[in-house]
Amino acid sequence: GDSVTQMEGPVTLSEEAFLTINCTYTATGYPSLFWYVQYPGEGLQLLLKATKADDKGSNKGFEATYRKETTSFHLEKGSVQVSDSAVYFCALYSSASKIIFGSGTRLSIRP
Amino acid sequence: DGGITQSPKYLFRKEGQNVTLSCEQNLNHDAMYWYRQDPGQGLRLIYYSQIVNDFQKGDIAEGYSVSREKKESFPLTVTSAQKNPTAFYLCASSGRTSGRTDTQYFGPGTRLTVL
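Line by line, the protein sequences are chains A and B.
Residue 1 is where the first sequence starts when you use the numbering used here, and the numbers rise one by one after that.
Residue 1001 is where the second sequence starts when you use the numbering used here, and the numbers rise one by one after that.
If you're looking for bench data, these hints aren't it; they were derived computationally from the structure.
Hints may contain errors.
[As the list claims (entries may be wrong)] With a Cα cut of at most 30 Å, we get these calculated DSBU-like pairs of lysine-lysine: (1) Lys68/A x Lys1083/B; (2) Lys1070/B x Lys60/A; (3) Lys1014/B x Lys1083/B; (4) Lys1014/B x Lys60/A; (5) Lys98/A x Lys60/A; (6) Lys1009/B x Lys1057/B; (7) Lys1057/B x Lys98/A; (8) Lys1009/B x Lys56/A.
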C-alpha cells in the first residue's frame, strides 16, 4: 500500500543554518504531496504542496520539489529561525482517497 | 473568517465515562476527518465522512463513534470501550479546490485526559 517515510528526529540546528528534512514515498500513480507543520499544542498547518512531477511547492522560505524518479519530496530552507522550531510531517494523498502521514520530524533551532 | 473549530481545547473525564468532542467547520467542505495523535507519534485516522449522513471507519475506529447529520459538524464520541483514550484529537476537513479534494485543513485540536 501507499506509504511515507521521513527522516527521524529530533533535528537540532543553529539559527541561520541550512535545513533539509528527507521524505520518500511509495504510491501508485502520481499522488499529491504535502508538508504540514505542527507548533506545540496546536493542530497541523499546511506548509506547502505539489500536485505533479517536477512541481516545486514553496511557502515562508521553505521549498520542496516533487521528484518522481527518486520518489522524494525533501523539505529545504536556506536559513532557519528559532520560530521554525516545530514538528514537520510529510504526507501524500493516496489512491484510497485518504492522506497518509509520515511519522513526523521534530526540529529545534538554537539561537 | 473561515476555519475549523474544536472545543474544548482541554477535556478531563473519569475512566468509564463517554465523552463527545466537537468539530465544526464553515469552509463548506464536504469531507471531514478525525485523527488521534499520541506523544511523539504521527497521526492515525479514526473515522472519516465524505458526505452528510455517511461515514467510514479509519485505521483505529474501535471504541469510537461519530455522526454526520449536518455538513458543518462531525462530533466524535470516545466511549468507555476505548482502552487508552488519553490523547490529542485532531479534526480536519477537505473540499474541492482547483478541481481537487486532496488538501486537508486542521482544527486546533482537543487534548483529552482520562483520569
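Hints, verified against the model:
no., hint, in the structure
1, Lys68/A x Lys1083/B, "41 Å, violated"
2, Lys1070/B x Lys60/A, "35 Å, violated"
3, Lys1014/B x Lys1083/B, "13 Å, holds"
4, Lys1014/B x Lys60/A, "43 Å, violated"
5, Lys98/A x Lys60/A, "26 Å, holds"
6, Lys1009/B x Lys1057/B, "24 Å, holds"
7, Lys1057/B x Lys98/A, "12 Å, holds"
8, Lys1009/B x Lys56/A, "35 Å, violated"
In summary, the structure is inconsistent with hints 1, 2, 4, 8 from the numbered list given earlier, while agreeing with the others.
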